[in-house]
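Chemist: Chains F and A are the protein sequences, given in the same order. Using the UniProt record's numbering, you'd call the opening residue of the first sequence number 1 and step up by one each time. Using the UniProt record's numbering, you'd call the opening residue of the second sequence number 1 and step up by one each time.
By construction, these hints were calculated from the structure, which means they are not laboratory data. Built from N, CA and C at the ideal position, the CB exists for glycine as well. Any given hint could be a false lead.
[To be verified] So the derived label-pair ranges between C-beta atoms look like this:
no.	chain 1	residue 1	chain 2	residue 2	range
1	F	LEU301	A	LYS408	49 to 57 Å
2	F	ARG317	A	GLN79	56 to 64 Å
3	F	THR132	A	ALA178	42 to 50 Å
[As the list claims (entries may be wrong)] Covered stretches of chain F (chain A as the covering partner; in silico rule of three or more C-beta atoms under 8 Å from a C-beta of chain A):
no.	region
4	20-32
5	126-133
6	173-184
7	226-234
[Stated by the list, open to error] Not the full set, but computed from the structure, chain F residues with beta-carbon under 10 Å of chain A:
no.	residue
8	GLY15
9	HIS123
10	LEU157
11	LEU168
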Amino acid sequence: MSSNIEGHVIVLAGGLSPERDVSLRSGRRVADALRVAGVEAEVRDVDASLLTALVDHRPACVIPLLHGATGEDGAIRDVIGALGIPYVGSGPSACRASFDKPVASALVGAAGVSVPPSVALPHATFRELGATAVLDAVVGRLGLPLMVKPTRGGSSLGASVVRSAAALPSAMVAAFAYGDTALIERFISGTEVAVSVLDDGSGPRALPVVEIVPDGGFYDYGARYTAGATEFFVPARLSPEVLASCAEAAVSVHRVLGLSDWSRVDLIIDAAGIPWFLEVNVAPGMTETSTYPQAVGAAGLDLGALTAGLVAQAIARS
Amino acid sequence: MEPTQQITTGTRLDPWIDAYAARTQGLTTSQVRALFAVASRPEVVSLAGGMPFVSALPLDALADTVARLIRDRGAVALQYGSGQGDVTLREQILDVMEPVGIRAHPDDIVITAGSQMALDLVVRVFCDPGDVVLVEAPTYITALSVFSSYQCEVVHVPMDDQGMRPEALREAIASVKASGKRAKLVYTIPSFHNPAGVTQGPARRAEVLEVVRSSGLLMLEDDPYGLLGFDDSVPRAIRADESEGVVYLGTFSKTIAAGLRVGWAVAPHGVREKLVLANETATLCPSNFAQLTISEYLATQPWFDQVKVFRDVYRERRDALLESLSSLMPAGTTWTVPGGGFYSWVTLPHGLDATAMLPRAVAAMVAYVPGTGFYADGQGRHNLRLSYCYPEPDRIREGVRRLAGVIKDELEIADIFGSPEAVAGREGPAAPEPNLA
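With the hints as constraints, model all of the structure from the sequences given.
Modeler: Okay, structure coming up:
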């Protein structure tokens with residue numbers, strides 16, 4: 001098979017984020033799929049030699065599949081854009097808004113999508129005001145159980161479900177290990193789903209909704225990346241009306257944050273069938289256990305052809 | 001909310017998920033392993049890995065050795081070999097063990113794919129599920145993995161600055177027997193312990209051996225670092241004083257090349273026969289190419305002089321680590337002073353959790369192995385292992401500087417929130433990849 005794309009495509013993966021290993025797996029999978037689709041593709045780590053390499057051997061397009069900071073906070077896209085190289089995915093400002101969970105939640109909530117009540121607090125606040133007083137106030141307002149996580153980052157790294165006030169300080173410590181600010185939000189009980197959004201030229205649309213049922217009840221790092229540790233249902237075992245609500249919410253998130261090409265929106269569906277926004281990923285995971293490739297397959301699409309189409313779209317956009 | 005009428009079938013993305021053996025329980029991806037992936041980047045000072053500094057080897061001479069081997073004996077080196085290992089190399093291993101005092105016959109030796117394979121074979125031939133193995137607290141991570149894979153129960157025996165405490169071992173054995181469980185092995189690393197960095201003195205070795213003898217258990221003596229003492233003395237192996245009750249594990253990984261994967265076991269006659277058969281079952285035979293490379297190297301190179309080179313390299317790095325720790329670590333941090341080998345065992349100030357702290361450390365571009373990995377029972381939260389074998393001294397100093405900053409930040413967090421306790425989603429022990437073991 002051959003493609004109409006002239007030149008080679010660089011898939012950026014790895015980096016220094018705690019999600020480095022996940023990113024490398026995502027990058028290898030997408031590059032393999034592109035090669036099968038007839039696109040010359042190469043996985044490239046991000047290091048001090050990257051920019052020289054991009055200038056000396058200018059690719060037709062770059063696909064940033066770096067997870068975590070730098071990759072998803074818009075920085076690397078700013079740099080690639082400054083070099084005038086097309087790239088797949090959202091622009092820097094959209095990434096910045098999406099990667100910061102409190103900012104994304106505020107924007108998404110203002111657009112009418114339900115978001116869990118939350119507070120985002122730097123650890124300096126606890127030092128100044130006293131941890132016990134602050135946490136008591138937070139529990140008083142949000143109740144229990146709670147979800148505690150770093151405001152930036154993914155793969156549930158540093159995230160904990162807190163079911164008692166006594167466990168909250170430890171959860172804060174775990175979250176602060178991954179960043180200086182922690183998000184404490186009301187835990188919404190329900191069906192966990194991931195909605196992949198694709199915009200291949202005719203506007204964003206949702207792919208089949210993936211329901212996530214981790215063995216241990218919490219979709220943590222091990223449940224995400226250990227094959228067999230989580231059961232997935234595609235499409236999710238929800239009524240057509242609720243599935244439509246999920247799709248609508250995900251597309252709304254994609255639009256309101258100004259995202260491009262692809263994204264993945266994580267939602268919880270409560271007992272009343274209301275989708276609650278948890279977070280959005282501008283560089284969705286593409287590993288063997290990630291939900292985006294599952295949704296792509298369930299939609300009857302081919303990951304390589306889909307990505308090649310987005311590459312062509314990015315080149316045309318530039 | 002009504003479920004859809006459409007019948008959907010779930011997938012676990014692994015069609016064999018229900019077919020795995022029970023002993024694979026717990027083989028999961030972990031946050032700690034994810035963080036170690038970052039530690040492989042050159043920007044990170046990795047004080048985690050136990051990788052020998054093989055760049056100190058005479059690589060040109062080794063290249064000549066390999067070229068000569070293939071040219072002159074390629075038809076043998078590239079062929080299957082004996083399940084017990086090459087007889088010439090077994091004779092040479094007797095010379096290698098002479099400094100630790102072991103007198104044996106070449107037939108007593110079984111060559112394996114690294115001493116890790118020998119450890120696996122010993123546990124394979126001795127332990128049924130539920131059998132108890134007594135080990136030091138802490139102990140070598142990947143030994144724990146072997147015991148787990150054979151579904152053994154691990155009982156930790158407390159240590160002091162002389163290693164395993166004999167009276168504690170005696171009590172632990174009695175306790176196991178009183179519980180109706182069946183103890184099989186006492187696993188010990190008496191010289192330059194991984195991870196604790198301590199060494200059993202002669203008197204301690206005799207006491208530990210006496211406890212094991214009187215209990216009727218088999219001792220498994222793991223001795224990868226015995227020749228790497230920094231005062232140029234070589235601790236006498238326990239096997240040197242007990243040939244029937246001890247299986248001795250040796251390796252060329254630390255004295256020549258870990259990548260060749262050549263180790264050995266010295267075992268009593270009956271045990272050795274079973275190890276040979278188990279070795280053949282597992283691998284047919286150890287690599288002839290790797291064995292003959294080692295054999296040629298031993299025959300043609302001043303191998304013990306090279307051991308002295310390694311001692312000098314590691315001594316300088318140990319000193320860099322200890323000096324940096326002394327000058328930079330916050331009050332309340334303590335560490336062991338290794339007389340050889342690769343590791344120092346650090347105890348964090350009260351209230352700090354080394355596993356919880358690891359993300360902050362990796363973000364600060366320094367890596368270590370959290371202490372929980374060296375225990376089977378969840379101990380070790382306040383400990384971490386630092387390896388000084390691979391980074392250059394200046395990198396070690398920089399790594400300790402970064403780590404000290406991380407500990408100070410963590411102390412501030414602990415001061416705010418108190419000592420962290422286990423929370424939902426928090427993981428237990430996790431073993432890093434082989435280059436970090």
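Chemist: Next, verify each hint and record whether it holds.
Modeler: Evaluated hints:
no., hint, in the structure
1, F/LEU301 to A/LYS408: 49 to 57 Å, "holds (51 Å)"
2, F/ARG317 to A/GLN79: 56 to 64 Å, "holds (60 Å)"
3, F/THR132 to A/ALA178: 42 to 50 Å, "holds (45 Å)"
4, 20-32, "holds (count 4)"
5, 126-133, "holds (count 3)"
6, 173-184, "holds (count 5)"
7, 226-234, "holds (count 9)"
8, GLY15, "holds (9 Å)"
9, HIS123, "holds (6 Å)"
10, LEU157, "holds (6 Å)"
11, LEU168, "holds (9 Å)"
The structure fails none of the hints (numbered hints given earlier).
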